[in-house]
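Engineer: Residues per chain are reported as follows:
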Amino acid sequence: MDILLGAIVSGLLLGAVFALVALGLNVIFGVMDIVNFAHGEFLMLGMYVGLFTSQFLGVDPLFGMAPALVFGFLLGVACYYGFVRYLLRGPALAQLLGTFGLMLLLRNLALMCFGPDERSVRSGLLVGVSFDLGMGMIVPATKLAAALLSVAAFVSVWLLMNRTKVGKALVATSLNAQGARYMGIPTDRMNALAWGVGGGSVCLAGALLVNFWSVSPGVGILFTMIAFTVVALGGFGSISGTFYAALVVGMITEIPGFTDFLAYTVGLRFIGDWPMTAFKFTFIYLAYFLIMLLRPQGLFGWKR
Amino acid sequence: MTPLLEVIDLTKHFGGLAANSRVSFCVERGQLTGLIGPNGAGKTTLFNCITGAHAPTSGRVVFEGRDIAGLPAHQVARLGLARTFQVYAAVGDLTALEYVMVGAFARHSGRGAARTAAQALLERFNLGRFAATLLAELPVPAQKLVTMAAAVATAPKLLLLDEVAAGLNPGESAQMMEVIRHVHQDMGITVILIEHILELVMKLCQQVLVLDYGQLIAQGPPEAIAAHPEVIRAYLGASYVGPTAAGGQV
Amino acid sequence: MEALRAAFDFSDFPRSDKIVAGLLAVAFLLFPLVPTSSFAMSTMIQFLMFSIYGMGWNTIGGYGGQVDLGKAQYVGIGAYTTMVMLLRWDTPFWVSMPVGLLLSVAWSFCIGYPLFKLKGHYFAIATIATSLVLKDIFEVWPLVGAAKGLTLPTNRFKSPDFVHLVFREDEYYYYILLGFFFVGILVINWFRSSRLGFQLRAIKDSEEVARSLGINVHLAKIKTYALATAFVSVAGSFHAVYVKNIEPEDTMSLSISILIALMAMLGGAGSLWGPIIGAGVLIPMKSYLKEWLGASAGIAGVDLILYAGLIMFISAWEPRGIWGIVEKIRRRRRL
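Chains as they are written, first to last, in this note's numbering: chain A, 1 to 304; chain B, 305 to 554; chain C, 555 to 889.
These are computed hints drawn from the structure, not numbers from a lab. Mixed in with the good hints, there may be bad ones.
Said to hold, decoys possible - Sample of chain A residues at the chain C side, in silico, Cβ under 8 Å:
(1) Q55
(2) L57
(3) G58
(4) V59
(5) F83
(6) L93
(7) L102
(8) M225
(9) F228
(10) L286
What the hints assert, rightly or not - Sample of chain B residues facing chain C (criterion: CB under 10 Å; computed from the structure):
(11) A381
(12) L439
(13) T458
(14) E503
As the list claims (entries may be wrong) - Residues of chain A clear of chain C, computed beta-carbon distances all greater than 12 Å:
(15) G82
(16) A177
(17) F283
All C-beta atoms in this analysis are idealised placements derived from N, C-alpha and C, irrespective of residue type, glycine included.
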């Protein structure tokens with residue numbers, strides 16, 4: 001029983017962080033219909049920023065949030081003005097190619113600067129601390145803190161989008177760029193802002209994630225896929241949908257936990273002796289596939 | 305004789321909006337029919353429902369005695385129903401000849417045969433000199449002619465033209481009229497055309513259908529349509545309907 | 555037959571192109587006779603292999619405009635089929651390669667049917683997803699050696715062995731691959747003027763219009779995808795007997811899929827010569843960068859940074875790739 005509860009809690013906590021990871025992708029896509037293949041790479045860089053903040057400044061890694069946020073925002077805006085803006089006038093194929101190239105660039109720059117090895121947070125206030133929530137659910141404090149902070153960040157962005165003037169301008173542009181322009185909302189600046197918000201939030205997520213997930217230059221693609229699956233499930237364009245979908249996706253990574261539980265209690269075995277943990281992320285890829293086939297508009301979004 | 309196309313009670317809803325509402329009409333083989341109506345009346349939607357681009361919400365579309373409502377668009381095309389599109393921007397890398405060949409491939413499986421047929425058609429449409437030019441680089445009137453040629457290359461029995469004369473100056477319009485007349489009379493293809501240039505419709509068509517707010521408000525020969533009070537009301541407003549407007553221009 | 559005649563019909567290319575192509579073909583044929591380093595030879599073999607991968611990708615990705623980032627899974631199916639059959643039953647290459655091809659094509663039909671209900675970036679991501687799923691499966695599957703992969707023991711077959719395609723000298727591999735390369739060009743040449751090729755190009759232009767001209771868009775895409783798969787699988791089988799040691803990480807990784815797509819797009823997706831040009835630029839660049847900057851640079855991905863830069867440049871300024879630039883210049887000159 002505790003295996004099951006442990007799996008559920010773990011999945012939910014992870015899902016909370018996934019929500020923040022996926023948020024940026026949704027914002028960018030909502031505002032300018034461009035899919036950022038480099039999204040996972042932004043996350044990866046955010047993770048490094050978080051890591052180095054703690055290593056060089058000697059502070060708890062959670063404080064890496066602030067520099068990561070700023071870094072992500074600036075990186076997003078820079079990418080927009082420096083490159084993405086020129087993709088907009090080309091065909092969709094070119095846009096795909098372009099953010100793809102950006103992904104390669106960032107990934108390999110990181111590889112060149114940081115080397116291929118995995119690194120993780122080693123010291124901090126919460127490292128090594130765990131909370132016992134009873135019934136055998138033991139939760140690492142880092143994960144819990146990251147999840148809570150992610151939720152806070154997510155809500156902040158939601159508030160930004162829905163309660164502030166700037167945020168509403170952003171939403172307006174995503175619904176109808178031309179109409180927004182007639183109202184005096186500068187599309188170019190909105191696009192840059194979208195990239196800033198998107199980049200900032202995902203780098204922030206990275207700084208939180210690095211507390212319990214090791215980073216290497218190649219970690220990006222997995223999170224791009226996770227972000228895509230989350231946004232696909234929640235619905236491109238729906239921010240609240242992203243949140244619920246992220247929780248579900250978080251739980252998907254815990255499927256090995258569920259199958260273990262089933263094996264233990266009911267004696268049900270899947271695929272013989274193959275280690276289910278190896279398929280942790282395979283299920284996410286499968287999930288993406290299934291979602292796109294069965295319900296492409298996701299749970300809450302609209303068909304684009 | 306069974307009509308070539310019979311549309312019965314065709315209705316198409318988009319959410320709460322009735323784009324087409326119980327539209328019924330027939331088109332006889334060899335007829336040239338015009339479809340007119342104010343903007344937003346549902347003319348292109350009607351074409352879409354007939355050709356399979358959309359599935360109608362209810363109603364029937366009978367082509368050569370066969371129910372085709374809801375069939376996928378490519379199957380409808382293969383049955384002999386071709387169309388052009390109102391809004392189309394060429395982005396690919398096909399030349400004019402290659403474009404028409406795509407249409408020709410619907411009838412010929414060999415590339416040699418398709419090429420010959422396409423070339424002949426381009427000549428007929430007086431576009432021979434554009435054969436090797438990229439479609440995207442042609443002036444708009446020529447593009448429209450090429451897309452029409454491609455549709456004709458599928459050897460259709462019925463051709464639906466969606467505002468092929470839009471944006472043309474009077475000289476180009478006259479050319480277009482000649483091409484349509486040629487396709488209709490010399491090639492024996494039944495034609496339905498959506499047009500805003502009413503003079504073209506009145507001159508060429510044997511039957512005119514008028515749509516307004518998704519409903520068919522009038523159908524008949526051009527002279528009758530021009531004097532039809534509902535048509536006048538739809539285009540000019542109720543204040544124009546009356547003895548002074550009878551027999552006047554629409 | 556008309557198909558054969560069409561495959562050899564290069565008449566729509568200007569004379570200068572045909573002369574250049576002819577000279578290059580002769581150069582390729584004579585290459586092994588010129589004394590060069592074994593390094594140059596292996597680079598050439600890589601170039602030919604990636605040209606074949608790229609040509610396959612080009613059918614669906616270039617002419618069809620459906621960017622496919624999951625081709626590596628077919629490299630894997632082709633390579634592993636050949637390797638497994640070779641190790642277990644001493645199967646000749648000329649038998650295992652077609653078997654791999656059939657398996658690959660069968661798989662491509664299975665996932666192609668649902669895959670092509672998606673478009674654009676959704677499609678691209680889905681191809682990544684399927685490729686990664688397959689790779690994950692191969693990484694734990696005992697039959698294919700799991701993560702460790704499979705290795706052909708060096709003394710198992712005596713070189714030169716034309717049946718199992720085991721040779722000690724690279725020259726043999728080179729000529730056989732060159733043969734595949736020329737056949738591949740002919741197949742693509744046939745494709746681009748065939749009915750299917752025209753259908754794909756119309757689809758790339760506008761799916762709606764394509765349907766109105768009687769094209770079954772879904773079916774055309776699936777068929778072309780199968781063709782692309784065939785190319786990749788054949789080259790994959792060859793890869794297995796050439797390197798004699800395969801594992802999921804270097805045969806089926808996302809990087810391979812990306813490289814394949816990248817080369818075709820850089821050289822000019824949607825043109826006959828594009829993928830070859832792309833491979834011709836990127837493969838030597840990759841190899842020689844590794845040589846000059848040392849092995850560490852190769853691992854550090856300096857070459858990929860250059861690729862990335864190139865791709866970004868191309869996508870923003872000339873999405874039609876190098877060949878697209880060539881054609882643009884030609885058109886301007888003609889006017």
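Engineer: All the hints need checking, so say for each whether the structure fits it.
Structural biologist: These are the hints, each one checked on the structure:
1. Q55: violated (21 Å)
2. L57: violated (27 Å)
3. G58: Hint violated; G58 of chain A Cβ to chain C Cβ min 29 Å, cut 8 Å.
4. V59: violated (30 Å)
5. F83: Cβ of F83 of chain A sits 6 Å from chain C, so the hint holds.
6. L93: Since chain C brings a Cβ to about 6 Å from L93 of chain A, closer than 8 Å, the hint holds.
7. L102: Because about 6 Å separates L102 of chain A from the closest Cβ in chain C, which is inside the 8 Å limit, the hint holds.
8. M225: At about 7 Å, which falls below the 8 Å cut-off, the nearest Cβ of chain C leaves the hint on M225 of chain A intact, so it holds.
9. F228: For F228 of chain A, the interface hint holds, since the closest Cβ of chain C sits about 5 Å away, which is under 8 Å.
10. L286: Holds. Min distance 6 Å.
11. A381: holds (4 Å)
12. L439: Holds - the Cβ of L439 of chain B comes within 10 Å of chain C, reaching about 8 Å at its closest.
13. T458: holds (6 Å)
14. E503: At about 28 Å, which exceeds the 10 Å cut-off, the nearest Cβ of chain C leaves the hint on E503 of chain B violated.
15. G82: Violated, because the least Cβ-Cβ distance between G82 of chain A and chain C comes to about 10 Å, which does not exceed 12 Å.
16. A177: holds (18 Å)
17. F283: violated (9 Å)
Hints 1, 2, 3, 4, 14, 15, 17, counting from the list given before, are not met by this structure.
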